[in-house]
Amino acid sequence: MATLVIITVLCVVLMVVAAWFAIRTSDLVSAVIGSSVVSLMASVLFLILHAPDVAMTEAAIGAGLSTFVFLIAIRKTERYEKDEEQ
Amino acid sequence: MSLNPILMIAVPLFVAFSIPLLGYIHKKAGLYAMSATLLFNTFLSFSTLPHAFEKPIRVIIAGYKPPFGINLAITPFSIFLACLISLMGFIVSIYLLKDETTETQEKFSMLILLVVMGATGIVLTGDIFNMFVFLEIMSISSYALTSIRKDRKGSEAGIKFLLVGSISSTFLLLGIAIIYNQLGTLNMADIARRFSQMNPKLAFAAVSFLFLGLGIESEMFPLNAWAPDVYQGAPAPVAALFSAVTVKAGLYAMIRFLYTISNNSSFIKLLMLFGIATVIVSELSALKQTDVKRMLGYSSLGQIGVILFAVGIGTKTALEGAVFHFVNHAVLKATMFLSIGLLAKYAGGSSFEELKGIGKKYPFLAGVFAIGALGVMGFPPLNGFMSKLMILTAAAKAEHVVLVMLVLAASVVEGFYYFRVLQVMFREPEPTRIEKRSVSLAFVIPLVVLVGMIVGIGLFPGVLMPYFKGAAMDILSRGDYISVMLSGGGAL
Amino acid sequence: MKRVSLKKRFRVKNIFVFVVLVYLGFQMLSLGFLLDLKDVKGVAKYYLENDIKDTQSANVVTSIVVNYRGFDTLGEVTVLFLAATGLGAILSGYRKVKKQKILANTMLQYGSKPLLAIIILFGAYIFIHGHLSPGGGFQGGTVIATGFLLMLLALEGYEIKHGYIKWTESLAGLTFVTVGLFGLFLLGSFLADFLPLGKVGNLFSSGVIPIIYVAVGFKVGSELTGLLDNMMGVVE
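Protein chains in written order, with the working numbering: chain H, 1 to 86; chain A, 1001 to 1492; chain E, 2001 to 2236.
Be aware that one or more of the hints could be misleading.
As the list claims (entries may be wrong) - EDC-like mimics (lysine to aspartate or glutamate), calculated; alpha carbons at most 20 Å apart, straight line:
#, chain 1, residue 1, chain 2, residue 2
1, A, Lys-1345, A, Asp-1291
2, E, Lys-2045, H, Glu-81
3, A, Lys-1469, A, Asp-1151
4, H, Lys-76, A, Asp-1229
5, A, Lys-1288, A, Glu-1353
6, A, Lys-1065, E, Glu-2049
7, H, Lys-76, E, Asp-2229
8, E, Lys-2199, E, Glu-2049
9, A, Lys-1201, E, Asp-2036
10, A, Lys-1065, E, Asp-2054
11, H, Lys-76, A, Glu-1054
Said to hold, decoys possible - Simulated restraints, written as ranges between beta carbons of each label pair:
#, chain 1, residue 1, chain 2, residue 2, range
12, E, Ile-2160, H, Val-5, 57 to 63 Å
13, H, Ile-48, E, Ala-2044, 47 to 53 Å
14, A, Ser-1487, H, Ile-72, 34 to 40 Å
15, A, Ala-1398, E, Phe-2026, 38 to 44 Å
16, E, Phe-2018, A, Phe-1043, 53 to 59 Å
17, A, Ile-1159, H, Ile-48, 35 to 41 Å
18, E, Asp-2039, A, Leu-1389, 35 to 41 Å
19, H, Ile-72, A, Ser-1047, 32 to 38 Å
20, E, Lys-2013, A, Ser-1487, 41 to 47 Å
Treat the hints as calculated values from the structure; they're not laboratory data.
Quick reminder that beta carbons are idealized off the backbone N, C-alpha and C, glycines included.
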């Protein structure tokens, strides 16, 4: 049981760190990867909470397809966030 | 014997899925299928109307009785709005048969069909999560329809609409999740029966989240900043659908939630205050506009504010006036958006500069627009007069005299900017750069029908009165809703 | 001079936003503690107890998604359809010829074809066994779409004919609605289960559920593939 608790805490911490990173970075590709890490950690947490269906869906769509769609959108536009100018 | 009302949702879905295949038969098959389906919907809703007014109907889906399965709750207010939505959808679809955008894309017809189906689903369903799903259907097709012309303004408006709509969906989902966690059910009647069993803090949180989410969808101040951009950027018939169909479904959801499900009188009063704020801010903003479509958007928001105000008052006559105004606002705004769409197309734009003197080149279209403007301002014998009168007398009886003054002042402001537009259209010299082209029949018929409705409802309001009374009774009688939906319901 | 004053203003706004967020976070957290997360009650309890009796499906989630609340699933399938259609409508007219600047590595080019077969088999397994093991139409369809994505990325000039995608999508959607309409005509309510229920654990059990989930799997797979193809086609 203790390992499960450790894994849960690790996942949550990784999720928060990845989300914070995704917001703060100005490289949009890194931000998208950060958000896909959030989805991946969420899918692991769903599995720990005894919901395999949701975990599968989240992994396939959140960590997979959604990342790809964002990457295509970035490729069509700008890769780096511009600073706010006055 | 009439058909099962679920067909109002199943048939449009069937047709929408098969439109890509119909494109192989004939290029315009999709458009005709769309109009035919909306006509079917209109007939079905009108034929169910008398039955539902006798006793509300409960349609069971998937064979499980509520609260374990989903059901449709066809009450007087629901079916009345379903009739309005289907009729408006059908009228706009005739207009679309000749519109340029639809000629290049068959996907347009699928999206229009699904917008109307989503709105019908929202007003007919008796399950709160099902309502959320239909709201999603309606919203997503709206986002796509806003940016379908791929011009700059449309795309910008589409993105704003999408972002705000996503926030609204998130809050709605949070509110529904809280309710489900506490009460263990998703059926509206069951939730209504047991709403007081919720922990008060959680109940307040759930109601405020839902108020926020539904407020965004019903264009309430201050959550309606996205609306003027959308009305300006979307193609004109789409904007007509937005003001006639989607916002009505959002308002229905708000009313159903606050009156029947949670019966929260403090939030209802809040609705009244926000309604007044919406009216004031929108009418004043409309004064400053130089683009007629954007001005129409603000005017539409103002009328919605009046509806919200009336709903917030809560007395029987106020609710009757509100339901009446539902109809009037839908018809008037549809007329105005459709006519301005044509005028803008012929004039090359919809700003005051471009529309100078267009009234002399296209008297019929500008005349239709003028009738719509007079109706909105509330001139008798057009339809806007009766509903505004009912709302204001109900407000005065409920002793909100200051607010009545504010609404009247807003009407004066309305008159000011509408007359300004009419003056630009009619009294400026005739523009020489625009040639006169004949207006296709597909455009003329819907406009004639709508004007007929404006004048007809204005001259004979008594014809529709019993329906308004029935709908208002339905909103207020919570206990009846619960007992009918959980026990049996009337026969088809 | 201007840059310094901008930074100072930004910082004050930053702190204000941070404080508001922390306050809201605490409020939400306290709300979370009030939620009752221990017992299963209400409809969920009914579903857990009566699932086998009503549907003979081993996977409760599937029977809830397809049978008890199948109408919502139909709505969600429509939402997916709308997203793909809307995207197609907005991106239409922008198709450019695809030129890949960097070709994929030889190993990827040769290995991706057999891999596609395995991925499709895996995806099909997931949605055919929706009522027996975790998974179902949506998960299976997504897996299939990622298989096609692999092909689009690895092979140069790989194209999926739009006709196939359109037909699969429409036919699968029509199957779902038709099954519902059959339920309406045969049993009196839309989406009612009208096939024999069989025994738990068999492949051919649970009435209409496998049929619907297979249709959903096809639909989701073809839709997502079409979506990705649309988006890839736009990139220069």
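Results of checking the hints against the structure:
1. Lys-1345(A) / Asp-1291(A): 14 Å, holds
2. Lys-2045(E) / Glu-81(H): 49 Å, violated
3. Lys-1469(A) / Asp-1151(A): Given pair Lys-1469(A), Asp-1151(A) is violated - Cα atoms ~44 Å apart, limit 20 Å.
4. Lys-76(H) / Asp-1229(A): 25 Å, violated
5. Lys-1288(A) / Glu-1353(A): 14 Å, holds
6. Lys-1065(A) / Glu-2049(E): This hinted pair holds, its Cα atoms lying about 16 Å apart.
7. Lys-76(H) / Asp-2229(E): Given that 20 Å is the threshold and the Cα spacing comes to 15 Å, the pair holds.
8. Lys-2199(E) / Glu-2049(E): 17 Å, holds
9. Lys-1201(A) / Asp-2036(E): Status holds; Cα separation ~13 Å.
10. Lys-1065(A) / Asp-2054(E): 13 Å, holds
11. Lys-76(H) / Glu-1054(A): 58 Å, violated
12. Ile-2160(E) / Val-5(H): 57 to 63 Å: 46 Å, violated
13. Ile-48(H) / Ala-2044(E): 47 to 53 Å: 20 Å, violated
14. Ser-1487(A) / Ile-72(H): 34 to 40 Å: Violated: the Cβ-Cβ distance is about 53 Å, outside 34 to 40 Å.
15. Ala-1398(A) / Phe-2026(E): 38 to 44 Å: For Ala-1398(A) and Phe-2026(E) the Cβ distance comes to about 40 Å; the hint holds.
16. Phe-2018(E) / Phe-1043(A): 53 to 59 Å: 58 Å, holds
17. Ile-1159(A) / Ile-48(H): 35 to 41 Å: About 37 Å separates the Cβ atoms of Ile-1159(A) and Ile-48(H), which means 35 to 41 Å holds.
18. Asp-2039(E) / Leu-1389(A): 35 to 41 Å: 54 Å, violated
19. Ile-72(H) / Ser-1047(A): 32 to 38 Å: For Ile-72(H) and Ser-1047(A) the Cβ distance comes to about 48 Å; the hint is violated.
20. Lys-2013(E) / Ser-1487(A): 41 to 47 Å: With Cβ atoms ~56 Å apart, the hint is violated.
In summary, the structure is inconsistent with hints 2, 3, 4, 11, 12, 13, 14, 18, 19, 20 from the numbered list given earlier, while agreeing with the others.
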